[in-house]
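Peer 1: Given next are the chains, with one letter for each unit.
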Amino acid sequence: MDVVNVAIVQTKPRKGKYRENLRDLRDVFSQAGADPVDLIVLPEAALTGYFLEGAVYELAMDSDAFAGDLATAWLETNPGKDVDVVCGFYENCEGTYYNSAIYLEIAGGKPHVKHVHRKMFLPTYGVFDEERFLSRGRRLQTFETRFGRMAMLICEDCWHAIVPTLAAVKGARILIVPSAAPGRGIDDGGELTSITRWRGILEAIAAEHGVYLLYAGLAGFEGGKGMTGSSRIVDPHGHTIVEAPPLGAHIIRAPIDLREIDRARAILPLLGDLHAVLPDLLADDELPLR
Amino acid sequence: MKLPVIEPHRGDFTQAPAINPELTAQWLEAFLRDELVAGRSIERAVVGLSGGVDSAVTAYLCARALGPKNVYGVRMPYKQSSPSSLTDAYLVTEALGINECTIEITAAADGYLQFEPDADARRRGNVLARVRMLVLFDQSAKLGALPVGTGNKTERLLGYFTWHADDSPPVNPIGDLYKSQVWKLAEYLGVPKPLIDKAPSADLEANQTDEGDLGITYAKADAVLARILEGYTNDQLVARGFDRAEVEIVRKRLDSTHWKRHLPTTAMLSNTAINEFYLRPVDF
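Here the protein sequences come in this chain order: A and B. Residues 1 to 290 (the numbering used here) are what the first sequence spells out, left to right. Residues 1001 to 1284 (the numbering used here) are what the second sequence spells out, left to right.
In isolation and in its complexed conformation, chain A is listed as follows (with noise of 0.2 Å):
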């Protein structure tokens, strides 16, 4: 399959309320699945809004569980159709609890989930306050799909260079990054400092390594933190192609052409250069740092 029809869909949760979020979600299944798609993005905690604090442990889930809603929701609303879907959630294994993303293929009325990502870097300073409930996850990988190899980074992974840049280098060609990430800012130009700074991430991110990113941010304000949304879908050249607006809940899609990713690499070949060049800076006897 060369082209991929994307839809990203930036969710406005009410906190804690995943039943009723959940009932939402079908309203959007419902919308989206009106016209061709085969990928579904939502954003970080998409059902449950992301400043949980304790209450994270009531509304963790398992992995299975989560999926069996999503692809329940799917499946009553778009009956007979396959597509993939996205979705950041707050994760409960057996007792440890992660900020996770999941990838879940529905396909022949049945769900599978091909990968579960546990966000790597746990935001805790200033506003954030992540490792105090949740644990670390410990793995990058990618993993294959219908649409070829990806990899999911879940808001901070994506803000240490090395982490796209290994997905990238594993074999990832599209980057899925599920965020929320509150607004702050107002002294620059006509948007939030905090969202200029994310675009300038993905697209060089999506520029360097000639991969695209489907980026879906949260929306709506938790306690006086406003959710800057912002979805955007970066095309391999490090282009923005499409963008939801910060304020309020979007369905933002696109047909992407995965032709396109072969031809940014043939014109800016760096990733290529950089599976040369990276065992020997591995190999730098001043690593591991202290």
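Calculated from the structure, these hints are not laboratory results. Beta carbons are placed, not taken as given, at the ideal position from N, Cα and C, and that holds for glycine. Treat the hints with caution; some may be incorrect.
[Unchecked claim] Partial list, derived from the structure: chain A residues whose beta carbon lies under 8 Å from chain B:
(1) F51
(2) L52
(3) A65
[Claimed, not checked] Listed next, with one range per pair, are the computed distances between beta-carbon atoms:
(4) D62/A <-> D1213/B: 57 to 63 Å
(5) L1263/B <-> D62/A: 32 to 38 Å
(6) R23/A <-> A1119/B: 54 to 60 Å
(7) S1041/B <-> V127/A: 24 to 30 Å
(8) I162/A <-> A1121/B: 56 to 62 Å
(9) T1257/B <-> D284/A: 46 to 52 Å
Add chain B to chain A, keeping to what the hints say.
Peer 2: Quick look at chain B alone, frame taken from chain A:
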């Protein structure tokens, strides 16, 4: 041969923080709609109008977010309040077309103060602020509304407010804006010019001004506060052009008022102590 030398442009380190008022207004309108309507299912706001710029800006934001018919401006004069405070507050309600009323607090405040004839200005000011808080919450209960706070970041950081009075409304759109940013936002929103131009005052005594009480202008206090919060030491600020006496005024007020920015200190006795172990977000 001499080559041209190019150096980075340096903004003035000693200026108060900048603001994009249009962006800020949009963000704060969304904040008010989300926190009141989406979060609490409350469509009405009550704002105590002092005749000053902070409450005026808050009323303008509420009117934009909720519609003027859903905003109630309450004027709460005391017998010694300046008549101009009332008329300036009226400029706001007139311009916005919001609901308005005047509730004189003299009888309520003096009902207590008559027993405390020796109360100094600070105590009297705190009593007036707490009576006004009482009125705002009761009016909100009557109207099915939420009281909306009007305290700015500067007065919050300097502790220049009455604890559990000015800071008590559950939602505050301007509490992360320095006073100089509030002025810029006021200009953008079209707040009547007399409110922007007049010297800020708690209006407890004739000729009293905030800046006179604090011993520093808001513009300078804002610049110093912003840099302190970014992590600069007093010595570093003085080396970068600030006046040491002014830095020390600000630092002293900031460091002596942390308690005013917190809930009451509660003795912890268990591993389920509220807000220590039992942690739930405000909107959960």
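Peer 1: Hints first: check each against the structure and report whether it holds.
Peer 2: Hints, one by one, checked against the model:
1. With a least beta-carbon distance of about 5 Å to chain B, the hint placing F51/A at the interface is held under the 8 Å criterion.
2. Taken as an interface hint, L52/A checks out: its beta carbon lies about 7 Å from the nearest beta carbon of chain B, inside 8 Å.
3. Look at A65/A: its Cβ only gets to about 21 Å from chain B, farther than 8 Å, so that hint breaks.
4. Between D62/A and D1213/B the beta carbon distance is about 59 Å. The supplied range of 57 to 63 Å therefore holds.
5. At about 36 Å, the beta-carbon gap between L1263/B and D62/A stays in the expected band of 32 to 38 Å.
6. Checking the proposed 54 to 60 Å range against R23/A and A1119/B shows it holds: the Cβ atoms sit about 57 Å from each other.
7. Look at S1041/B against V127/A: about 26 Å separates their beta carbons, and that is inside 24 to 30 Å.
8. Separated by about 60 Å at the C-beta atoms, I162/A and A1121/B satisfy the suggested range of 56 to 62 Å.
9. The given range of 46 to 52 Å is respected by T1257/B and D284/A, whose C-beta atoms sit roughly 50 Å from each other.
Violation of the numbered hints given earlier is confined to hint 3; every other hint is satisfied by the structure.
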